[in-house]
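Colleague: Below, each chain spelled out in residue letters.
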Amino acid sequence: MYQFDMRRIKEYSFLGVISLLSFFMIFPLFHIIFTVFVDGIGTLVSTGPVFITGTLDDGGIGPAILGTLILSFFASLIGIPIAFAVGVYAYEYPYSVIGKATTALLEITQEFPTILVGLFVTQILVLPMGTYSAIAGAFALAIILMPYVAVYTKEAMSQIPFSFREAAFSLGVTKVKTVFLIIAPIAKRGILTGLLISVAKVAGETAPLLFTAGGLYQTYPDSLTQPVGAIPLLIYTLVQSPSPADHAMAWGASLVLLLIFLAAFIPLRLSIKEVRM
Amino acid sequence: MSTLKKFGRFDRFDFLTYPAVLFVFLLFTWMLAVYVTSSIPAFQREGWNVYFTNVWNASECPDKEYYGILAAIWGSLYTSTIALLVALPLSISYSIFVVDYAPKRLKGILEITSDIMAGLPTIIYGIWGAFFLVPFLKEWVMMPVYNYLSFIPIFSQKPVSGFSFFSAGVLLGIMITPFVSAVVREAYTTIPHTYREAAYSLGLTRYEATKILIGYVKPAMISGTILGFGRAIGETVAVSLVVGNAFNLSADPFSPGYTISSLIATQYGNSFIYTHMTSVLYAAGLFLFLVGLFITLLGMYVLRRWKKNVSI
Amino acid sequence: MSESEYAIEVENLNIYYGNNHVIKSINLKIPQKTVFAIMGPSGCGKSTMLRSFNRLLDLNKNVRVNGSVHLFGRDIYTGDMDSVEVRREVGMVFQYPNPFPHLSIYNNIALGLKMNKLVKSDKELDERIEWALKKAGLWEEVKHRLNDYPSGLSGGQRQRLVIARVIAMKPKVIMMDEPTANIDPVGSKKIEDLIFELKKDYTIVLVTHNPAQAARVSDYVAFIYLGELVEAGETGKIFTAPESKLTEKYLTGKLV
Ligand SMILES: Nc1ncnc2c1ncn2[C@@H]1O[C@H](COP(=O)(O)OP(=O)(O)O)[C@@H](O)[C@H]1O
Ligand SMILES: [Mg+2]
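Protein chains in written order, with numbering that gives the first Met the number 0: chain A, 0 to 276; chain B, 0 to 311; chain C, 0 to 255.
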């Protein structure tokens with residue numbers, strides 16, 4: 000009897016401990032969201048729409064928002080076509096030597112410290128061009144984007160039943176056409192979702208932009224070869240400032256970034272079973 | 000007559016995809032090459048001292064310049080270790096809870112929550128860390144520890160600002176928890192149902208059964224730990240906002256320090272004023288590059304070996 | 000090159016997945032314009048053997064095919080024919096009805112025709128599609144919704160769409176791998192009737208694990224057990240007087 004009770008006590012205390020720790024694991028997220036809302040909403044409300052549209056002098060983060068859009072767009076333009084082809088290759092040759100090496104490289108680059116990508120692009124683009132630029136920032140983000148897009152593409156295509164492949168081949172359809180006209184379109188939903196999640200992720204990156212995009216907050220960007228700002232980069236700069244007004248600005252910008260991120264990420268996450276980050 | 004089928008001829012498919020594959024391999028090699036060549040001047044000038052001394056003499060006069068990043072290396076290892084100490088109990092409990100105990104609805108919510116944590120822009124962790132977490136830890140952890148445990152040597156100094164190895168470690172721990180738990184959870188889910196049934200049919204309680212099942216996924220947990228360490232060591236902006244950014248080789252967790260990535264983030268911007276600093280920062284980057292690569296490969300190796308053994 | 004009286008001749012066929020010897024020294028002759036049924040318990044290698052007749056096994060890794068398969072007298076594994084040509088002449092219907100979900104009913108059939116440039120004009124394409132759907136007995140049911148996606152079709156209709164997709168290519172041989180295994184009885188009956196109809200023009204190789212189906216629709220039958228050919232011959236003879244005890248056991252349901 001005594002032993003049985005010991006077991007029951009252990010059982011309940013175990014359940015108690017892991018529930019508590021699980022709660023501690025996710026609690027910070029809710030605290031972060033709460034804090035960002037509470038500290039950011041004041042700035043947003045008191046500044047009004049100008050916060051979204053105005054330049055830093057007007058008390059707004061318009062150039063940073065536009066900069067993030069520009070950087071994400073051109074990163075996608077550069078990264079997605081290459082990454083898609085790589086993902087398709089990795090899907091097609093899961094067992095060949097190069098295929099396996101490609102998959103391994105994709106996993107490695109997903110874990111790669113993003114600051115190192117930034118410094119690399121500084122060396123190969125920023126120094127030769129003599130200036131920070133939107134294109135350098137976009138290229139850095141594209142490098143980070145590629146492994147995610149490739150892996151999502153590969154996995155979405157691998158989910159498609161083998162029998163569609165057999166059916167296409169048995170109709171005399173060639174390999175290229177089977178892959179690009181049958182398998183990829185059937186996997187379209189998974190590929191697209193993965194692609195958007197990847198873009199949402201790089202849009203929030205800071206480190207790779209530090210020494211590539213440069214930052215531009217007083218005026219709107221008008222050239223790809225000139226410096227450009229980004230919301231995360233602006234927050235990073237403002238947090239380091241000693242001025243409380245800048246901190247208020249940083250919270251406001253964080254709230255904007257958080258809202259954009261949640262609005263993009265949650266619907267995407269709900270339409271897909273598993274994400275990799 | 001016999002025929003042996005050959006596969007993998009170079010065809011139109013390869014023409015379309017191969018250049019992209021080649022490009023990503025070249026890009027990676029190129030990156031490594033840039034780090035190696037850019038750090039050569041530092042090695043020529045200082046040798047291995049770049050990594051094994053703790054000095055930072057930035058001077059307008061090139062002859063007086065001398066740099067050693069040992070403190071940053073120490074800080075990276077220290078903060079990442081603290082991060083793991085925070086992340087492991089949380090992510091393992093979370094994985095067990097989500098897979099074995101949570102009701103279906105809660106399970107879905109928990110999974111989405113951890114995915115959001117994984118994807119959340121790191122700068123948001125950074126601002127929260129700098130403005131909330133650091134003061135919070137200082138008041139509720141560092142000061143009490145100093146007040147009651149200052150007889151222990153590493154706690155003997157009064158915490159000053161709160162920006163410290165400890166704050167960085169805790170913040171990193173929160174940030175890597177979703178990654179570690181993703182690896183553990185995936186492994187834990189793959190345990191065949193028959194094992195669970197077998198455990199329960201022996202009359203084990205859930206706690207006892209879980210203990211046995213956890214043994215089964217131990218290698219995956221090790222792999223998750225290794226990969227989590229890799230993530231922590233590479234994280235930049237959030238850390239650089241809370242670690243205090245000081246050259247400090249101390250074991251005192253409440254003192255400010257540097258990590259390799261925060262050193263690069265804070266110093267690279269003005270390194271061009273000096274003659275020799277840029278190269279040293281690339282040498283720091285090279286160190287991070289190689290250590291990160293090694294850690295990732297190790298983590299992948301452990302995980303693959305486990306998956307192979309399990310799938311028999 | 001002499002046209003053989005047999006659609007398919009298999010000589011000393013051995014197939015391995017890695018070290019797993021799945022098909023063991025099989026010899027088989029399949030006469031033209033008949034229904035030739037291959038039956039046996041599941042896992043005995045029926046699907047594997049079938050896929051060796053149109054080189055679909057090429058898609059699998061670690062698979063090794065030894066021996067020869069002749070299609071109307073031409074060896075399909077040596078230089079005589081390339082794999083695309085083989086697959087054009089040997090159509091295939093699968094166990095799970097698998098029309099392409101992202102293509103309309105019309106385009107499902109048009110795909111193979113366009114890819115292999117088997118039609119010269121849009122008009123010919125329309126005609127060929129209508130013809131194939133009629134042959135597959137599906138035209139009346141879908142003629143007003145050719146641009147719909149196949150997701151709206153029943154299992155039996157989807158399988159007949161797959162059959163139409165195959166017929167449209169005008170192959171010489173149609174292979175069916177347990178085509179009714181996942182279809183309701185009414186749909187199955189329609190497909191069996193269709194097989195009966197199609198054998199006037201095509202050679203049909205039908206894999207089934209259901210002896211009653213083999214008895215109903217086939218002219219010849221081969222019984223495979225654990226990768227070996229136990230016996231083959233005219234359906235009537237095998238079902239009334241099997242030579243092998245094993246066949247008898249299988250047909251009376253004593254072999255699982
Ligand atoms: N792609 C494959 N790789 C390895 N083994 C396979 C593969 N497909 C089938 N097999 C094996 O070959 C044997 C025959 O399978 P199959 O031809 O599908 O049998 P059937 O169609 O008669 O049910 C089985 O033992 C099966 O496990
Ligand atoms: Mg089968």
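Treat the hints as calculated values from the structure; they're not laboratory data. Possibly wrong hints are sitting among the right ones.
Stated by the list, open to error - Some residues of chain B that are not near chain A, with every Cβ distance over 12 angstroms (derived): (1) PHE12; (2) PHE42; (3) TYR100; (4) PHE154; (5) VAL159; (6) HIS192; (7) THR235; (8) PHE271.
Said to hold, decoys possible - Ranges of calculated distance between the beta carbons of each label pair, as one might list FRET restraints: (9) A/PHE72 - C/THR77: 46 to 56 angstroms; (10) A/SER270 - B/SER160: 43 to 53 angstroms; (11) A/SER270 - C/ASN181: 46 to 56 angstroms; (12) C/LYS23 - A/ALA103: 35 to 45 angstroms; (13) A/LEU258 - C/ASN181: 20 to 30 angstroms; (14) C/GLY252 - B/TYR300: 27 to 37 angstroms; (15) A/SER95 - C/LYS133: 36 to 46 angstroms.
Claimed, not checked - Mimicking DSSO-like on lysine-lysine, the simulated pairs with C-alpha atoms at most 27 angstroms apart in a straight line are: (16) C/LYS122 - A/LYS176; (17) C/LYS32 - A/LYS174; (18) A/LYS9 - B/LYS103; (19) B/LYS306 - C/LYS60; (20) C/LYS169 - A/LYS176; (21) C/LYS116 - A/LYS176; (22) C/LYS60 - A/LYS99; (23) C/LYS60 - A/LYS187; (24) B/LYS306 - A/LYS99; (25) A/LYS176 - C/LYS60; (26) C/LYS119 - A/LYS176; (27) C/LYS198 - A/LYS174; (28) C/LYS116 - C/LYS188; (29) C/LYS142 - C/LYS119; (30) C/LYS60 - C/LYS142; (31) A/LYS9 - B/LYS106; (32) A/LYS174 - C/LYS142.
Virtual Cβ for every residue (Gly too), placed ideally from N, Cα, C.
Colleague: Does each hint hold? Answer for all of them.
Modeller: A quick look at each hint next to the structure:
| no. | hint | verdict |
| --- | --- | --- |
| 1 | PHE12 | violated, 4 angstroms |
| 2 | PHE42 | holds, 17 angstroms |
| 3 | TYR100 | violated, 7 angstroms |
| 4 | PHE154 | holds, 23 angstroms |
| 5 | VAL159 | holds, 17 angstroms |
| 6 | HIS192 | holds, 19 angstroms |
| 7 | THR235 | violated, 4 angstroms |
| 8 | PHE271 | violated, 9 angstroms |
| 9 | A/PHE72 - C/THR77: 46 to 56 angstroms | holds, 53 angstroms |
| 10 | A/SER270 - B/SER160: 43 to 53 angstroms | holds, 44 angstroms |
| 11 | A/SER270 - C/ASN181: 46 to 56 angstroms | violated, 28 angstroms |
| 12 | C/LYS23 - A/ALA103: 35 to 45 angstroms | holds, 38 angstroms |
| 13 | A/LEU258 - C/ASN181: 20 to 30 angstroms | violated, 47 angstroms |
| 14 | C/GLY252 - B/TYR300: 27 to 37 angstroms | violated, 52 angstroms |
| 15 | A/SER95 - C/LYS133: 36 to 46 angstroms | holds, 44 angstroms |
| 16 | C/LYS122 - A/LYS176 | holds, 24 angstroms |
| 17 | C/LYS32 - A/LYS174 | violated, 31 angstroms |
| 18 | A/LYS9 - B/LYS103 | holds, 24 angstroms |
| 19 | B/LYS306 - C/LYS60 | holds, 20 angstroms |
| 20 | C/LYS169 - A/LYS176 | holds, 21 angstroms |
| 21 | C/LYS116 - A/LYS176 | holds, 14 angstroms |
| 22 | C/LYS60 - A/LYS99 | holds, 14 angstroms |
| 23 | C/LYS60 - A/LYS187 | holds, 26 angstroms |
| 24 | B/LYS306 - A/LYS99 | holds, 16 angstroms |
| 25 | A/LYS176 - C/LYS60 | holds, 20 angstroms |
| 26 | C/LYS119 - A/LYS176 | holds, 20 angstroms |
| 27 | C/LYS198 - A/LYS174 | violated, 31 angstroms |
| 28 | C/LYS116 - C/LYS188 | violated, 34 angstroms |
| 29 | C/LYS142 - C/LYS119 | holds, 22 angstroms |
| 30 | C/LYS60 - C/LYS142 | violated, 41 angstroms |
| 31 | A/LYS9 - B/LYS106 | holds, 23 angstroms |
| 32 | A/LYS174 - C/LYS142 | violated, 31 angstroms |
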